[in-house]
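Enquirer: Spelled out from the first residue to the last, the chains are:
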Amino acid sequence: METQTQAIKKKTNIVTERMTGAEAVIRCLLAEGVDLIYGYPGGAIMPVYDELYKYQDKLHHVLTRHEQGATHAAQGYARTSGRVGVAIATSGPGATNFVTGIADAQIDSTPMVCITGQVGSHLLGSDAFQETDIIGISTPITKWNHQVTKAEDIPTVLAKAFYIARSGRPGPVLIDITKDAQFGELDFAYEKCKGIRSYIPVPDTDPNSLKEAAKLINAARKPMIVFGQGVILGKAEEELKDFVEKSGIPSAWTILGLSALPTAHPLNVGMVGMHGNYGPNKLTNECDLLLAIGMRFDDRVTGNLETYAKQAKIIHFEIDPAEVDKNVKVDVAVMGDVKRTLAQLLPLIEPNSHQDWLQEFKDHDTIEFDKVIKEELYPTKEGLSMGEVLRGINEETNGDAVIVSDVGQHQMIACRYAEFTKSKSNVTSGGLGTMGFALPAAIGAKMGAPEREVIAIIGDGGYQMTIQELGTIFQTKVPLKIVVLNNDFLGMVRQWQQLFFDKRYASTEMVNPDFVKIAEGYHINSKRVTQRENLQDAIKEMIESKEPYFLEVCVEKENNVFPMIPTGASVSDVRLE
Amino acid sequence: MEKENFTISVYTENNIGLLNRISAIFLKRHINLDSMTASQSEIKDVFRFTIAVKVTEEQVKKIVGQIEKQIEVIKAFYHKEEDIIYQETALFKVASKLLFEERQIQNVIKNSNANIVTVTPEFFVIEKTGRRREVEALYRKLDPYGLMQFTRSGRIAVTKEKMHISKILENFTEEAV
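Protein chains in written order, with my numbering: chain A, 1 to 577; chain B, 1001 to 1177.
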């Protein structure tokens, strides 16, 4: 039977070049415009590494200190550059160490291609050394995966991998390549994938859905927008801004929608969700129309679904048909790419301003400021707060920095208080909540946007999950800034123990090492701040540094993050204390 | 919402890992399949999964959405019982001596519209195709005599309405990304 590769060649009469599968892997990456990959070598991927050595002037490889770090770095790179992140590892443990990063990319829709080596095809199924069924393991957490056992299949499979990873709702793809396919030879020709007959990346937009949506929008008296990462992935920031400004609708962001609209935009009313702002959470249950744009009604956003926006009509702007009516039943689904659908909707809506309704958000902001924000940003107590560190960073960067956060209290504080002026400025593990994400993700984020200031905000717990990536920072000299907000606790779990488990602090207290000494061991400039009077100077010194910099801030041990919607509670039951 | 019997038809490319992807969608939601059958479809190189499952309509809609999301799935549909023609096949292996010792078995076979597939001195095999209850009725009648082996296939089904898979495939055009 004729292979796909042969069929393509016949069709297009492309001149081919004889080479090994391993070299073809590199040539495919170059043909896709990849110039930077993250990885870790090992037995079953050595032929590809040998080719990487030969192509090192064209394709830069960053050696992370753990394969998980390679996936998170590829994610960080994808999130700030808008390109596909690439990670590469060997079979067995190399491949299984990819799992967390792949799952994270899947749930946060991050375009990533992971390449793993595999034992020779004659050994498959024999429990060979470092053989693991990574296709079976990664099936539920990849957008697509495929095992290549013949060199000649490499170009078509990798072309498909990149196409699938970046098109439609993006996601991770894993390609497993047996060692004999890497050693084997093929006649190489590369043609980019332009479509797969069983896959519709962007569904058609029903013109009636736009008309219906416009009718609801024009009739609404208390409309509210909640937008998510779909706006950023769809490069629809301008379309969103035009739509928001013409319609005059107060707009809240989800955690992954952060920075798609400037923080200071007058119609930006803050963040929805478990630790989001008081106004948008409360008023979700008072609006008469909810426009969900490029978001997926995650449970951390909706709280109890039985009491979520029941009074409102709901319009869902979505690219993935499986998301419509998945968690929340909607009145109108506008399918398609939000960059197009928002632009098509714009002429159908009447200019409006909802001043009284917007004022309700401002009134809630005042309550939240008095009860929560004032003490967090301008604490009167002796201990340092996480919020004042973020305030200090805002002051030094004017909101121009990329903030990469890990998972926990510091993440919620960073997402609540970091100020953004540009899109793609917030990199965090939203859906999976992967502790250990930030340090390696920040490496990729800085390499994906080298002209920007990149600051990783990490807790003392998550930092130690991938602390070995300090080695990668030392080796590459990537000038990113690391801030560890150290409260000697797994703070978010401790907060829940305090609130819901009668302060039984089971295994949340951390006995921590000297983080400054560890950073010094990697020759990274570092400083520890324990007193308020030293904080701003230290932040300034960090931002002014042209080299990697580590700043540990010892913060109050038992502060809590508020507002908070307890699990299972309604968005309108958001607690301020 | 009440649970009902639904049949899901999935048209797919012939891909080795797809079975895993589809079954994982059910596994994740703790949904037991009544049956799953895979075969060639009416279109060259296109496969068809037929899945029988008892869930609510809301659940089956979401499941079909998740199945259709898989890259190599061309299209997935769910059907109610009245929308399809469906059958199952069962094989009964019975000791040949019973035909002579228990003469009423011959009447059971005659009245059941079953076929005798093979006969040897030791055993004979009866094939019965039909609805589940017909297969089960024959099982109940034969079981008292002692069955050497019994097996039943998953449901296969065709819809009363037309399927527009060929049109979907014809309409496919490559586009620059």
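These are calculated hints, taken from the structure and not from any lab test.
Hints are supplied without guarantee of correctness; some may be wrong.
Here are a few chain A residues that face chain B, going by a calculated C-beta distance under 7 Å [unchecked claim]:
#	residue
1	K54
2	K58
3	I135
4	T139
5	P140
6	I164
7	G195
8	Y199
Okay, derived cross-link-like pairs now, DSS-like style, lysine-lysine, Cα gap no bigger than 30 Å in a straight line [what the hints assert, rightly or not]:
#	chain 1	residue 1	chain 2	residue 2
9	B	K1054	A	K326
10	B	K1167	A	K339
11	B	K1069	A	K329
12	B	K1044	A	K313
13	B	K1044	A	K326
14	A	K160	B	K1054
15	B	K1110	A	K150
16	A	K194	B	K1054
17	A	K326	B	K1162
18	A	K192	B	K1028
19	A	K310	B	K1044
20	A	K235	B	K1062
21	A	K215	B	K1003
22	A	K313	B	K1069
23	B	K1160	A	K192
24	B	K1044	A	K235
25	A	K211	B	K1075
26	A	K160	B	K1028
27	A	K150	B	K1044
28	B	K1160	A	K194
29	A	K339	B	K1097
30	B	K1061	A	K211
31	A	K215	B	K1160
32	B	K1075	A	K194
33	B	K1061	A	K326
34	B	K1044	A	K211
35	B	K1003	A	K374
36	B	K1069	A	K310
37	A	K326	B	K1003
38	B	K1061	A	K339
39	B	K1044	A	K329
40	B	K1028	A	K329
Nothing here was measured: the structure is a model prediction, and the numbers come from that model.
Beta carbons: idealized from backbone N, C-alpha and C, even for Gly.
Enquirer: Taking only the CA atoms, is the gap from K1028 (chain B) to K329 (chain A) under or equal to 30 Å?
Expert: holds, 22 Å
Enquirer: Within 30 Å, alpha carbon to alpha carbon, are K1069 (chain B) and K310 (chain A)?
Expert: holds, 28 Å
Enquirer: Going straight from one Cα to the other, do K211 (chain A) and K1075 (chain B) come out at no more than 30 Å?
Expert: holds, 28 Å
Enquirer: Compare the distance between the alpha carbons of K1044 (chain B) and K211 (chain A) with 30 Å, and conclude whether the hinted pair is satisfied.
Expert: Violated: K1044 (chain B) and K211 (chain A) sit about 40 Å apart, past 30 Å.
Enquirer: For the pair we were handed, K1054 (chain B) and K326 (chain A), check the Cα-Cα distance against 30 Å.
Expert: Satisfied, since the Cα-Cα distance of roughly 19 Å is no more than 30 Å.
Enquirer: Are the Cα atoms of K1075 (chain B) and K194 (chain A) separated by 30 Å or less?
Expert: Between K1075 (chain B) and K194 (chain A) the Cα gap is close to 20 Å, so the pair holds against 30 Å.
Enquirer: Straight-line Cα separation of K1069 (chain B) and K329 (chain A) no greater than 30 Å?
Expert: Cα-Cα ~19 Å, so holds.
Enquirer: Does the nearest C-beta of chain B fall within a distance shorter than 7 Å of the C-beta of I164 (chain A)?
Expert: holds, 6 Å
Enquirer: K215 (chain A) and K1003 (chain B): Cα distance at most 30 Å?
Expert: Violated - the C-alpha atoms of K1003 (chain B) and K215 (chain A) are around 36 Å apart, more than 30 Å.
Enquirer: Verify the interface restraint on K54 (chain A): the C-beta must sit less than 7 Å from at least one C-beta of chain B.
Expert: violated, 29 Å
Enquirer: So if I understand the rule, the pair passes when the alpha-carbon distance is 30 Å or less; does K1160 (chain B) with K194 (chain A) pass?
Expert: violated, 35 Å
Enquirer: Would you mind confirming whether the straight-line C-alpha gap from K1061 (chain B) to K211 (chain A) stays at or under 30 Å?
Expert: holds, 25 Å
Consistency with the previously given hints fails for numbers 1, 2, 12, 13, 14, 15, 16, 18, 19, 21, 23, 24, 28, 29, 31, 34, 35 and 39, ordered from lowest to highest.
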